[in-house]
Amino acid sequence: MRWPITIEPRMAHSPVLALLPPLIAVSVTLVASALILASLGVPPGRALYFLYVAPFSTTFNTAEVFLKMAPLLLLAQALAIGFRARVWNIGAEGQLILGAIGGSLLPILFNDSTNPLMLPAMVMIGGLFGMAWSAIAAGLRAKFNANEILVTLMLNSIALQLLYYLVSGPLRDPFGFNFPQSAPFPLAATLPILVEGTRVNASIFFALLVTVGAWLLMERSFLGFKLRVGGAAPDAAHYAGFGDRRAIWISLLIGGAAAGIAGTFEVAGPLGQLQRVVSPGYGFAAIIVAFLGGLNAWGILAASFFMAVVYVGGDIAQTSAGVPYSVNTVLQGLLLVSYIAARVVTDYRLRWLPAMREA
Amino acid sequence: MTADPLLDLDGLSKRFGETVAADGLSLRVGRGEIHAILGENGAGKSTLVKMIYGVLAPDAGMIRWKGERVDLKGPADARALGIGMVFQHFSLFETLTVAENIALASAESVEKVRKQIVEIGPRFGLTIEPDALVHGLSMGERQRVEIVRALLQEPELIILDEPTSVLPPVAIAPLFETIRKLAESGCAVLFISHKLAEIRELCHRATIMRRGKNVATVDPTEESEASLAQLMIGREIPHPTREAATLSAEPVLSVQDLSMASDDPFAVSLADIDLELRGGEIVGIAGISGNGQRLLAAALTGEALIGSGDGGRIELLGQDVTDLGCAERRALGLAYVPEERHGRGTVPELDLAENALLTAHGKALTDRGFVRRNAVRTFAESCIRDMDVRCSGPDAEARSLSGGNLQKFIIGRELALEPKVIVAAQPTWGVDVGAAQAILQRLADFRASGVGIILISDELDDLLDVSDRLHVLFRGRLSPSIARADARIDLIGAYMAGESAASQNEITA
Numbered sequence: 001m002r003w004p005i006t007i008e009p010r011m012a013h014s015p016v017l018a019l020l021p022p023l024i025a026v027s028v029t030l031v032a033s034a035l036i037l038a039s040l041g042v043p044p045g046r047a048l049y050f051l052y053v054a055p056f057s058t059t060f061n062t063a064e065v066f067l068k069m070a071p072l073l074l075l076a077q078a079l080a081i082g083f084r085a086r087v088w089n090i091g092a093e094g095q096l097i098l099g100a101i102g103g104s105l106l107p108i109l110f111n112d113s114t115n116p117l118m119l120p121a122m123v124m125i126g127g128l129f130g131m132a133w134s135a136i137a138a139g140l141r142a143k144f145n146a147n148e149i150l151v152t153l154m155l156n157s158i159a160l161q162l163l164y165y166l167v168s169g170p171l172r173d174p175f176g177f178n179f180p181q182s183a184p185f186p187l188a189a190t191l192p193i194l195v196e197g198t199r200v201n202a203s204i205f206f207a208l209l210v211t212v213g214a215w216l217l218m219e220r221s222f223l224g225f226k227l228r229v230g231g232a233a234p235d236a237a238h239y240a241g242f243g244d245r246r247a248i249w250i251s252l253l254i255g256g257a258a259a260g261i262a263g264t265f266e267v268a269g270p271l272g273q274l275q276r277v278v279s280p281g282y283g284f285a286a287i288i289v290a291f292l293g294g295l296n297a298w299g300i301l302a303a304s305f306f307m308a309v310v311y312v313g314g315d316i317a318q319t320s321a322g323v324p325y326s327v328n329t330v331l332q333g334l335l336l337v338s339y340i341a342a343r344v345v346t347d348y349r350l351r352w353l354p355a356m357r358e359a
Numbered sequence: 360m361t362a363d364p365l366l367d368l369d370g371l372s373k374r375f376g377e378t379v380a381a382d383g384l385s386l387r388v389g390r391g392e393i394h395a396i397l398g399e400n401g402a403g404k405s406t407l408v409k410m411i412y413g414v415l416a417p418d419a420g421m422i423r424w425k426g427e428r429v430d431l432k433g434p435a436d437a438r439a440l441g442i443g444m445v446f447q448h449f450s451l452f453e454t455l456t457v458a459e460n461i462a463l464a465s466a467e468s469v470e471k472v473r474k475q476i477v478e479i480g481p482r483f484g485l486t487i488e489p490d491a492l493v494h495g496l497s498m499g500e501r502q503r504v505e506i507v508r509a510l511l512q513e514p515e516l517i518i519l520d521e522p523t524s525v526l527p528p529v530a531i532a533p534l535f536e537t538i539r540k541l542a543e544s545g546c547a548v549l550f551i552s553h554k555l556a557e558i559r560e561l562c563h564r565a566t567i568m569r570r571g572k573n574v575a576t577v578d579p580t581e582e583s584e585a586s587l588a589q590l591m592i593g594r595e596i597p598h599p600t601r602e603a604a605t606l607s608a609e610p611v612l613s614v615q616d617l618s619m620a621s622d623d624p625f626a627v628s629l630a631d632i633d634l635e636l637r638g639g640e641i642v643g644i645a646g647i648s649g650n651g652q653r654l655l656a657a658a659l660t661g662e663a664l665i666g667s668g669d670g671g672r673i674e675l676l677g678q679d680v681t682d683l684g685c686a687e688r689r690a691l692g693l694a695y696v697p698e699e700r701h702g703r704g705t706v707p708e709l710d711l712a713e714n715a716l717l718t719a720h721g722k723a724l725t726d727r728g729f730v731r732r733n734a735v736r737t738f739a740e741s742c743i744r745d746m747d748v749r750c751s752g753p754d755a756e757a758r759s760l761s762g763g764n765l766q767k768f769i770i771g772r773e774l775a776l777e778p779k780v781i782v783a784a785q786p787t788w789g790v791d792v793g794a795a796q797a798i799l800q801r802l803a804d805f806r807a808s809g810v811g812i813i814l815i816s817d818e819l820d821d822l823l824d825v826s827d828r829l830h831v832l833f834r835g836r837l838s839p840s841i842a843r844a845d846a847r848i849d850l851i852g853a854y855m856a857g858e859s860a861a862s863q864n865e866i867t868a
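Protein chains in written order, with the working numbering: chain A, 1 to 359; chain B, 360 to 868.
Rather than coming from a laboratory, the hints here were simulated on the basis of the structure. Glycine residues also receive a C-beta, built at the ideal position from the N, C-alpha and C atoms. Wrong hints could be hidden among the right ones.
Facing chain A, a subset of chain B residues (Cβ under 8 Å, in silico) [said to hold, decoys possible]: (1) GLU662; (2) GLU713; (3) LEU717.
Facing chain B, a subset of chain A residues (Cβ under 10 Å, in silico) [to be verified]: (4) PHE225; (5) PHE242; (6) GLY243; (7) SER320.
Start from the sequences, fold in the hints, and give me the full structure.
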């Protein structure tokens with residue numbers, strides 16, 4: 001006959017309930033990660049140590065956490081703006097690659113320059129390259145209503161091939177023994193290191209600044225309000241006269257600019273040159289970070305920290321316990337799936353049908 | 360009352376969270392009786408009906424069917440007992456034929472259902488063509504399909520939920536004839552309505568509900584409409600007062616020769632609309648909903664713009680606004696109360712303060728791109744106070760408000776924009792009598808202050824209460840203007856049913 005239970009949306013939204021899904025997701029990931037590593041022959045205690053304690057065991061490792069947190073935070077804040085407007089930019093990875101390419105042009109062309117304006121100029125060009133890449137998707141969506149999920153996703157592959165071509169050809173270091181990478185950047189083209197002996201650089205400050213900016217935009221500005229209305233109730237946005245094309249352009253350009261800058265920070269930071277791999281999947285991990293943080297600026301701050309720990313912990317487990325690299329990807333997937341599952345429980349509730357109780 | 364009632368409800372109660380939707384309801388329906396359930400919106404009529412039909416399980420109380428206690432676990436149980444239901448909103452597939460639609464809900468083949476339709480229809484005055492596609496049927500015909508579908512289950516009790524609310528006046532008499540024939544054949548009918556005249560005309564007994572309680576069971580033929588109304592709302596219905604207004608010399612809104620195709624292939628397109636509105640008058644647009652009202656409202660307000668293949672011209676306050684969108688027309692002084700409150704008039708997830716910002720942002724509520732949060736709150740508070748919106752304050756989420764209260768908030772917000780022209784679409788839909796009167800009174804007050812108002816509604820009584828002139832919208836075309844003094848129900852009804860040729864001669868426009 002009919003199910004004895006039913007699922008209905010919760011009407012009340014308490015702040016405690018909003019905190020639950022990320023906490024559940026993190027807890028599930030903690031337990032599951034130990035089990036997965038145990039199945040690979042690492043004792044659960046040691047696995048948990050590698051993943052979540054070792055990242056803070058030395059200054060260098062802790063600095064690595066903040067180094068990886070910077071691009072995740074920057075990207076997730078920008079993506080969350082679009083996600084709240086229901087513009088799904090899945091192409092941050094490709095926009096980041098374009099930013100890395102654009103940001104590399106000046107230091108490759110002027111390889112012995114000491115001009116202090118070099119770095120700011122690189123960041124600007126990188127941001128513009130990222131924006132240009134996302135503008136392709138925005139233009140196709142606005143003009144032909146082409147789905148931005150598919151367009152941005154496919155542009156990722158094109159960006160990667162473009163990068164492969166450039167580092168093997170036009171932008172390859174002529175004195176680099178034919179390795180597919182550019183010449184090393186001059187000092188004027190690299191980000192200042194914050195703590196001696198580590199790799200953490202000033203990009204984390206930029207990401208924190210963007211966090212405050214994202215909060216101001218979404219929670220305090222009229223533009224952010226319009227974006228939120230467009231995401232929550234498109235008909236209401238239409239009724240109010242907030243153009244939906246504008247929301248598409250703004251969302252994608254903000255995402256592209258942030259990704260482009262993040263890409264520049266990678267080549268001007270830990271990499272110091274343009275190479276075949278400029279991102280360990282930051283563009284995709286940032287999508288998870290944005291949702292784990294509840295698309296809220298402060299939530300994303302916490303979520304990007306946790307994701308950075310998973311990245312660094314995964315690296316450590318890889319080198320210390322010899323687990324495969326893909327453990328990292330598995331953990332990210334776990335985080336997302338358990339978050340979505342937890343949202344079902346907090347956004348909806350299960351209710352026993354009273355008729356069955358009486359029967 | 361017979362000794363052994365068909366249906367006997369004893370102390371049914373149902374609560375949703377803190378709301379008591381049904382509070383100790385008792386009710387008896389005998390065989391062949393037409394029994395009215397009368398009450399305002401939100402009085403608990405649908406909750407009661409859903410408990411009888413097994414959709415909701417009561418928290419307390421019992422249902423007896425032919426003297427025996429029954430425990431309904433779902434509509435299938437109710438149907439098995441012999442309880443049929445015709446919902447207010449039809450559930451028919453537009454692209455299927457009548458017979459296919461009915462066969463879908465039964466275990467029979469389309470062929471057998473077709474025979475049954477031909478056989479059962481004429482007995483109850485329900486003639487329908489079994490092979491007609493549903494999208495080509497009028498609302499009255501669709502309702503007949505629903506009734507036939509219920510009758511094929513051979514019910515002993517049939518529940519009709521607000522059956523006349525979707526019908527033009529001319530289709531009501533045949534429906535009543537059908538209901539009387541059903542009753543004569545021994546089938547009991549529960550007739551849910553808030554229209555007093557209908558109940559007095561049709562029903563043997565009436566149970567009147569107020570706030571989830573059964574306040575009286577009366578013989579409606581022995582009551583006056585006024586006494587029924589008083590039982591229903593607990594006091595007398597006030598009528599809006601209309602003060603004298605002077606018409607502006609120039610029209611504030613004029614539409615010339617507007618034709619517009621709908622995006623929805625099954626929706627009505629607008630054809631050759633000519634309309635003129637002056638300041639200080641209310642022009643009512645009557646008609647059964649589904650005759651192009653949504654598109655007309657969208658065209659007037661700029662939600663829908665004239666595309667290629669369409670044509671016409673719209674002027675607002677003497678300015679050509681044909682190609683201007685919503686925001687631009689609003690900036691010129693047009694306020695719009697949309698038909699849908701949740702999701703268009705407001706964003707359900709946002710609080711009332713933020714929802715005030717939706718259209719009132721031009722009222723100095725932003726400063727250099729930032730939202731002036733205190734100003735927004737003050738503005739929302741004034742809307743809430745102005746229209747007596749029952750809510751916990753500007754922090755209340757829009758979705759936490761009842762439809763009527765949310766509507767009052769939207770009206771308050773739009774009127775606070777100090778508009779020169781107002782387009783209000785179905786502003787009293789689903790709103791209780793008290794709130795509806797408050798809304799209409801406020802519109803009448805704005806008319807007196809020189810504002811021009813287009814009032815689109817399918818509540819004819821509301822339109823006759825406040826309008827200076829009426830047009831009837833039928834299949835996307837407007838009737839000639841009908842002056843208030845000439846607005847007789849039979850004339851308007853003829854237009855609503857599309858018999859414009861016959862009534863054309865009576866108009867001296």
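Next item on the list: Against the structure, test the hints numbered earlier, and report the numbers of the ones violated in rising order.
Entry: 7
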